[in-house]
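K.L.:
Residue numbers (our numbering), protein chains in the order written: chain A, 1210 to 1318; chain B, 7 to 119.
It cannot be assumed that every hint is accurate.
Cβ-Cβ distance ranges computed for the label pairs, FRET-style [said to hold, decoys possible]:
#1 B:80 x A:1237: 35 to 43 Å
#2 A:1228 x B:105: 25 to 33 Å
#3 A:1285 x B:26: 40 to 48 Å
Bear in mind the hints are in silico, worked out from the structure with no lab data behind them.
Note that beta-carbon positions come from the ideal geometry of N, C-alpha and C, so glycine has one too.
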Amino acid sequence: DAKTTQPPSMDCAEGRAANLPCNHSTISGNEYVYWYRQIHSQGPQYIIHGLKNNETNEMASLIITEDRKSSTLILPHATLRDTAVYYCIVRRSNNDMRFGAGTRLTVKP
Amino acid sequence: DAGVIQSPRHEVTEMGQEVTLRCKPISGHDYLFWYRQTMMRGLELLIYFNNNVPIDDSGMPEDRFSAKMPNASFSTLKIQPSEPRDSAVYFCASRTDTFYGYTFGSGTRLTVV
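With the hints as constraints, model all of the structure from the sequences given.
P.N.:
Structure (structure tokens):
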């Protein structure tokens, strides 16, 4: 599976959009981009995933660049409860999920 | 749907004792995963099962660790004998064969003294 690079930490003001970047320049054609988050002391929570097209669900939007070498997770209106570690993972559909260090997002009042 | 259920939530044991962690996956999920999380090493995949069969156990740290899945609704992770360096939060996760997002349990916080 392709390696991902994320900033170790980010801050965001409450009510503003949080844009979390992920670089996956070695991604191959059949690899998906997944995003999870882990709120303190809880198990990781699935957020969204995509292959080529942008995706949106009730939690977030996923924007994947045309060359698929990077992506951005967007939380449109961040709240204090969105403070968590966010993991970007690239994997083939039938492979297991391996987590990196992620980005620690802190939403501030 | 009760989600993935892990027990116990907390376990404190003495070095050398046997520890058994338990997991009940979501009904209908074909895959089950065991992860370990520490501050130093982050989230590590230990082993995963497909239809109750172990597929990849390359993440199991050593022979002291063993995992079983006797049926589709139950799995155990056993450490015998336990050591202080096994102290961590152990997570179980499951997924279906067609949707590749995982559902994680709340974890078991293990402390070996």
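K.L.:
Each hint should be assessed against the structure and marked as holding or not.
P.N.:
Hint check:
1. B:80 x A:1237: 35 to 43 Å: 36 Å, holds
2. A:1228 x B:105: 25 to 33 Å: 26 Å, holds
3. A:1285 x B:26: 40 to 48 Å: Since residue 1285 of chain A and residue 26 of chain B have Cβ atoms about 44 Å apart, the given range 40 to 48 Å holds.
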